[in-house]
Each structure stands twice: as structure tokens, then as C-alpha cells.
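Colleague: Listed here are the chains, written in short residue letters.
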Amino acid sequence: MPAEAASPKPVLLAVEGITKHFSGVTALSDVSLDIRPGEILGLLGENGAGKSTLLKILSGVMPPSSGHIIFDGADYQPSSPQDAKRLGIVTIYQELSLIPTLTVAENIFIGRAPVGPLGLVSWRRMEAASRDIIARVGLSIDPMTPVSALSVAEQQLVEIARALSLKSRLIIMDEPTSALTETEVQRLLSIMDRLRKDKVAIMFVTHRLEEASAICDRMTVLRDGRLAGHLNREGGPIALPRIIEKMVGRAASELYARPAQRAVAGDVVLSVRGLRTVRDPEAPHAIVLDGVDIDLKAGEILGVAGLVGSGRTELARAIFGADRIAAGTITLDGKPIAPASPADAIALGIGLVPEDRKHQAIFAALGILPNFSVASLGSFSNGFGFMAERRERDALAGFRKMLSIRMASAEQAIEGLSGGNQQKVILARWLARDPKVLIVDEPTRGVDVGAKTEVHQILVQLAARGIAVMMISSELPEVLAVSDRIVTMRRGRITGQMPGVEANEERLMELMALDRKETP
Amino acid sequence: MSVAEDQRGGINFARLLMSFGPLLFLVALIVVFTVLKPSFMDPINLFNITRQISITGLIALGMTFVILTAGIDLSVGSLLAFCGMVAAVVAKGGTANTLSLSTSGTQGYGWFAALLAAVVVGAAAGGVQGLVITRLKVPPFVVTLGGLTVFRGLTLTISNGGPISGFDASMRWFGTGLIGPVPVPALIFAAAAILCHIVLRYTRYGRAVYAVGGNAEAARLSGLRVDRILVSVYVIVGFFAGLAAFVLSARLNSSEAVAGIGYELTVISAVVIGGTSLFGGIGSVGGTVVGAALIGVLQNGLQFNNVSSYTQSIVIGLILILAVAFDRWLKSRVRR
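Sequence order for the protein chains is B and L.
Read in order, the letters of the first sequence correspond to residues 381 to 900 in the working numbering.
Read in order, the letters of the second sequence correspond to residues 219 to 554 in the working numbering.
Hints should not be assumed to be uniformly reliable.
Listed below are the simulated SDA-like cross-link pairs for lysine to any residue, each with C-alpha atoms no more than 20 angstroms apart in a straight line [claimed, not checked]: (1) B:Lys816 / B:Thr709; (2) B:Lys547 / B:Leu467; (3) B:Lys436 / B:Ala394; (4) B:Lys738 / L:Ala434; (5) L:Lys255 / L:Phe238; (6) B:Lys677 / B:Arg813; (7) B:Lys577 / B:Arg416; (8) B:Lys816 / B:Leu797; (9) B:Lys816 / B:Gln841; (10) L:Lys355 / B:Val532; (11) B:Lys465 / B:Gln535; (12) B:Lys781 / B:Ala831; (13) B:Lys577 / B:Arg549; (14) L:Lys355 / L:Glu435; (15) L:Lys355 / B:Ser721; (16) B:Lys577 / B:Asp414; (17) B:Lys738 / L:Ala288; (18) L:Lys355 / B:Arg704; (19) B:Lys547 / B:Arg416; (20) L:Lys355 / B:Asp703; (21) B:Lys547 / B:Pro494; (22) B:Lys577 / B:Asp597; (23) B:Lys577 / B:Ala515; (24) B:Lys738 / L:Asp386; (25) L:Lys355 / B:Ala720; (26) B:Lys738 / L:Arg438; (27) L:Lys255 / L:Ser526; (28) B:Lys436 / B:Gly397; (29) B:Lys738 / L:Phe497; (30) B:Lys816 / B:Arg865.
Selected chain B positions facing chain L (in silico; Cβ < 7 angstroms) [what the hints assert, rightly or not]: (31) Pro722; (32) Ala723; (33) Ile726; (34) Leu728; (35) Gly729; (36) Pro734; (37) Gln740; (38) Phe743; (39) Ala745; (40) Val754.
I should point out that these hints are in silico values taken from the structure, not numbers from a laboratory.
Yeah, the Cβ is synthetic: ideal placement off N, Cα and C, and Gly gets one too.
Isolated chain B, as found in the complex:
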């Protein structure tokens, strides 16, 4: 690091040329960054840019394929998240890791409770020490309160306090503000500022550009697994257009060539009005829909652009009958429908390719054939309930050709396929039902670049056949390349709507990421 040699503070963490491959897919390619004590570094990038892979490497979940990391002057190769913590790097995830049934003090001192002369836990010392520790993050609650009684914001602060008490030198915060209210965000930012003065280094991973701009000294931006650039605070906060430009890049739009224009959209097939969902008492911080209106026409691809936590997935699940609806109406072909389960929605002609392929779509233990036909068992079996395997195999063979699924045989384990081919099998699962409405949630997540274009072409073909396609995605180039019409979502609401040809990344990003009082 010849350039950094002259800087006043020594580098605490230096990531040099990190690359990570996952069975053929490159998630990170030659990424470098550094961070100094008393500095807040923003790590930004769109979904799929490689942020979470980098976090996993830094927090000891997995090693890089190549490149190296220097922490505090020594080679840093954590063997596990525990090891990373011991070495002084603590990662605080969106899903907090406190044990809700234990008290704040017990959580802070978990595994290292102070003991008295008889080897018994000294509750008095633990309480007193905890009080001091949480005071550092501005908390004045009773340390003997069970964690389950705290708000998410308070729990987060307890985690930060615990990290500090472990003598952590670097705290990585993964989307810490996504579940907080505006006031809580301000409090967290001011505590981050205080920690900065205490010479703690913080890596702030966020989608919220304004917050990042307000607090970060520097930013590192990733795009498509590569370093898009570093930004420095010069005089004032780093301006949003500079960040957006780095995040979006110019080359990206060339990667996603817009498929040729298609037939004009037909009648409205699916119409959603005033859709609201219930707050689940078991997941009080999940996103709820707050009055969504949406129309979906036959033969069109409606792109739904929104960040994680914008309510886009919740919208898909509500229409699909997977989550309960509190208020609002859904009409399909002019008739009101109220699917109480996915089975109901499917029977009505709706299909959903879910966001999380591994947990919500794939039957990992099974072969391609049962994975393909699971949603159409009725049409692939005779009146006695016996599978008509010949018909089933013929149908799969047809889709294999149509979607160019690269597979060895129908018996092959689906896990042996690449992400793109798995996704094609899932698409075939729904096409076998000939749906009226197909909702695809992040259709190219975990799909490598070449196959992404193929998936896009398939979606366009489906729309051309008259299927109403709703495509949810946080990858803007994808939304722009495929959609006939685009709506943006944020915090459970629709924040904007425009024809695909009029949209550009900057406009969408603003509508998705920034707080707007009213729909323009």
C-alpha cells in the first residue's frame, strides 16, 4: 500500500485482492479495501454486488478462494466466527444473535461470567460491569432485564456493547438501520460517531444512501462482485449522485440488453386494491403492506423494483395466498378472489417462483423429475392417483428443449444443476400449469451472468404467450431490461410507476431508496 503509507493513522484492516468462487460462479473478484481505527467505512452496492460474501469472509464464516487479509499487522485467517471475534472483528447481523430468554447482563457475559471465590457466578459484579458497558452505547436500562423485553434498537445496542466489552477493534454492522424507526436511526448514528472518537473502526453495510452519506468517512462500492471504486469525504458528506453513479456503473446496462419489443399488453388480468397485511406477532419487525394498488395486464412484464424490506416479497406472497391479508381486494379476470393458501392461488392460475430458491422452491433430496412436476401432480396422474410417468417425462423433455435446461437426465439430483438451470426447472414447474399470472421473485439471484440473459428471454417469451408476468427484482439493470412497466416499492408502499422505456437507474434508485412523503 504505497499510497496509504503517508496517512497519519496506521491501517487496521487491509483486504487485498480477495476473490471468491462458488462452484463455478464468481461472487467476488479481486476486491480490496482498508479501514483505519476511528473511521467509519461504508460498504455499498446493489444486491448481488458481493457485499454479503465479503462479510462472510471477514466474519470467519468462510475463507476466500484467493487474496489475503491483514488485520492489526498480522495475517488474518479466522477459522470460524468465534475465531474472528477472538481476533477482534465482530459482525452484527440484521438477525440479532442475543438469547432472548436471558438478561442483558447474562448476554453480555455469556461464556465468561465473573465468578466469586467459590467458583459461583457473582451476579453483583456482573450487574455492575454490565451497567458500565451498556452506558458506553447510551443505554440506561436495568441490566437484569430479559432481552426479549427490549426493542430491536435496544437489542442492537446491547450487541454493540457486548462487542465493545470483548475489546473488538472492528465492528461490522450489516444493515443495522433497516428495522429501526427514524429516531432510533439518529441515536444509532450518534453512538457510531461516539465510537469513532473512541478509535473503534466501524464498517457500515447499508442500502440507505442518506444515512451512509451522513456518517461515513469513506465508502467502498462493489458492483457485480468487483470493486466499483472508493469514495472519500472531501470537505462535506459524500454526495448521493456520486454514490449512485458508482453503484450503477455504465457497463451494467450493456450486460442487460433489452430484448426486442413485444406485443402490446392486453386486458388487466390481476388487479390489487388497498392491500394490507397483518403484523405477525411472532415477527413484529417484518414488513407489512400498507395499502398497495397494482394492475397486471396479460402479456406484459411488470417490474417491481424495491430493496430488501420494501415489501415486494410480501406483496407476492399475499397475492399467492402464502400470507394472510388484513384488508384490500384482489381480482383475477374481473372476479374477486381470496386465496387462503398457495394451493388456492395455484388452482386459480397463479404461479410463484420464490425469492429463496434453496429454502422455498427446491427439493434438494429429490431428482429433477419430481422437482418439475410437484405443482402439477394432478395433471400428471390418472384417475386412480398413479403417476403417468411417460406423460410427465415427455413434458419435462419439452421444457428442457424450450428453456434449454442443461441436465444429464430426469433422475439427476437437482442440486447437481447450476443455479440458472435450477431456476429453469422451477420455471418449467409453473409453465406446466400454463398459468395466467406468473410472479417471479428475484428470478436471477444466484444465477450466473450468461444464464441471466437466458432467464430474461424466457420471461419475455412467456409474456408474448399472453401470461401476465410480475417480476420482482432489486437488480435495476434487470428491471430496466425486462419490464414493460415498472413500479417501485418502499416500506410496504408503491412509491412510483412508469413505463419501462421512460425509466432509468437513477430515477428508480431515488424512488426505491429515498424517503418520499408522497408519490410523485
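Chain L: place on chain B using the hints.
Modeller: This is chain L only, laid out in the frame that chain B set:
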């Protein structure tokens, strides 16, 4: 790319072992016992083994469905006793004949009514447990652990603690009869195994069972009525507990209040040793038959060589643990 190829090779190897490992082990055991004592291969002894395994084997068939959905049923031993007692009451027309070992009991409703009563009560009991599991969201382990106690208590209540004995010859035939050289219970087991194999391998329902066990959330999002399928597998295992109870009562010419104690363990062992994963989605009827045969051969062969029943328990327990360790190991290979 070569890394991915290697992984795929590993998966295939693991999958192969998963289907043939238990069978290889069974063959090896038979060879060892035959070498130790050639009379082990005597047809009389072999048919003896099939008769021995048919009772727990029948229940293991039903348990295969349950474990394929990543569930468990600990109540089967008690349910067997309960269904046996119901069958006895129906066969003899009441509980009054308790302890009267020699009476012919012709005043009852006959074997068919007894059989019907046993399987209907078994299926209904399973259905109730299935409903509690799916509606009240109580884990299967807990519900069926409760069932284990409840059904034993019900059995003791209706039988007043003692056995109900002495059935007519037409009913006893189902336990002791022979068709050619083959014991009737073994034939019942074989027929049931073939039926279960067909259901799991060739029907729409079988596909759904594997799908629910493989990934319940994905199954729901693919339009399967997951709760109904879960209830149905407990109905099936209950049905088989009832069928096994009928055969056992017929064989012993008596329904014992203490019948089937510990059977749940033998049954689960047979299924798990047969390669069905406790995590659901992986397994087969063929594996369960092999698992049941393996336990039967092991017990019989050890007995044949005068190994004490105490030592037998130790060996079977160790085999079970090894089988599950093997399952975990395969899992870690299959899931990369």
C-alpha cells in the same frame, strides 16, 4: 470446474451407498452366520425369521411414511396393544373372558370384525395424533410420546390389566397358519410391503409425501396441502399398528395388555437402518424391509450362536447408532 465435477462424483457415490449399504450389510451378516453355523440357512429357520420380523415390519412400513415427512411416532407399541385389545373384545364379544385361556369364544363377532376394528381404531388414533400435530403445532415427538402413555393406559383400562385370550381357529390362522411352507404373517408383511412400495414409488400421493418431507415450505408453495398429507401418514402408521396387533393377537392366541412395549424403538431402528433419513425426504420401503430383516437376522443369528439377549441389545443398539452416524455423514456429503 473440476471442483464441481468432484463434488458431483461424491454425491453419486454417496447416493449409491445410501441405497445399497444396508443390503450389503444384510448379505454380509447372513454369510457370517452361515459360516458360523451352516444350519442358519435351514428353511425352517429362515421362515422363522420372517415370522419374527413381520409384526414390527408391518409397523415399520407405516413408520416409513411418517419418517419420510421428517416426523416420528413413538406411540406405535402402545397403540398396538390397544388395537390388539379392541380386536380381542370384538372377537370375543366382550372382556368377560379374561384369563379363560381355553374357551373357544364362538359367541364373538368373528375374525373379520376383529380385524376391521383393530385397523379402524389404529387409523383413527393416528389421525387424532396427526390433527394435534398439524392444528395445535405440537411437535410429533411430544404428541406421540403422550400417545404412548395414553394408549397404554386405555389398554390397561379396558382389559383391567390382564390379557384376553382364546380365539377361534379362523382368527388364529392369521398368526400361525402356513400357505405352503410360508407363514401367513410373512405373506401379509410381504403383500403390505409391495403395496406400500407401489404407493410411495408410483402414485401422486407418494410424490407428495417425499416433497413434504424434503422441503415442507417448498411443498406448500407448490400447492400441496401439507397438513393433510402430514395427518395422512399418521393415519397410515396407525392402520399398520392395528394390522400388526391383529396378527400378533392371532399368533399368541391372546391380546396382552403389556404387548408391544419397546416396539417403537425396534420399528424406528428398522426404518432408520434401512436408510430412511430422520430429516425426511430420503428413504424407501425396500430399505425398511432390509432394515427389518437386518434386525431379525441379527437377533436370530445371535440367538442361534447362544449370544445372550443382553448382548443382543447391545449389538442392535450399536448398529442403530452406526446407521444414523452413516446417515449424517452421507447428508454432509450430499449437501456439499
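Colleague: Does each hint fit the structure? Answer for all of them.
Modeller: Hint check results:
| no. | hint | in the structure |
| --- | --- | --- |
| 1 | B:Lys816 / B:Thr709 | holds (18 angstroms) |
| 2 | B:Lys547 / B:Leu467 | holds (9 angstroms) |
| 3 | B:Lys436 / B:Ala394 | holds (16 angstroms) |
| 4 | B:Lys738 / L:Ala434 | holds (12 angstroms) |
| 5 | L:Lys255 / L:Phe238 | violated (26 angstroms) |
| 6 | B:Lys677 / B:Arg813 | holds (19 angstroms) |
| 7 | B:Lys577 / B:Arg416 | holds (12 angstroms) |
| 8 | B:Lys816 / B:Leu797 | violated (28 angstroms) |
| 9 | B:Lys816 / B:Gln841 | holds (14 angstroms) |
| 10 | L:Lys355 / B:Val532 | violated (27 angstroms) |
| 11 | B:Lys465 / B:Gln535 | holds (19 angstroms) |
| 12 | B:Lys781 / B:Ala831 | holds (15 angstroms) |
| 13 | B:Lys577 / B:Arg549 | holds (13 angstroms) |
| 14 | L:Lys355 / L:Glu435 | holds (15 angstroms) |
| 15 | L:Lys355 / B:Ser721 | holds (17 angstroms) |
| 16 | B:Lys577 / B:Asp414 | holds (18 angstroms) |
| 17 | B:Lys738 / L:Ala288 | holds (18 angstroms) |
| 18 | L:Lys355 / B:Arg704 | holds (18 angstroms) |
| 19 | B:Lys547 / B:Arg416 | holds (16 angstroms) |
| 20 | L:Lys355 / B:Asp703 | holds (17 angstroms) |
| 21 | B:Lys547 / B:Pro494 | holds (16 angstroms) |
| 22 | B:Lys577 / B:Asp597 | holds (12 angstroms) |
| 23 | B:Lys577 / B:Ala515 | holds (16 angstroms) |
| 24 | B:Lys738 / L:Asp386 | violated (57 angstroms) |
| 25 | L:Lys355 / B:Ala720 | holds (19 angstroms) |
| 26 | B:Lys738 / L:Arg438 | holds (14 angstroms) |
| 27 | L:Lys255 / L:Ser526 | holds (17 angstroms) |
| 28 | B:Lys436 / B:Gly397 | holds (16 angstroms) |
| 29 | B:Lys738 / L:Phe497 | holds (16 angstroms) |
| 30 | B:Lys816 / B:Arg865 | holds (18 angstroms) |
| 31 | Pro722 | holds (5 angstroms) |
| 32 | Ala723 | holds (4 angstroms) |
| 33 | Ile726 | holds (4 angstroms) |
| 34 | Leu728 | violated (11 angstroms) |
| 35 | Gly729 | violated (12 angstroms) |
| 36 | Pro734 | holds (6 angstroms) |
| 37 | Gln740 | holds (5 angstroms) |
| 38 | Phe743 | holds (4 angstroms) |
| 39 | Ala745 | holds (4 angstroms) |
| 40 | Val754 | holds (5 angstroms) |
Comparing the model with each numbered hint stated earlier shows that hints 5, 8, 10, 24, 34, 35 do not hold.
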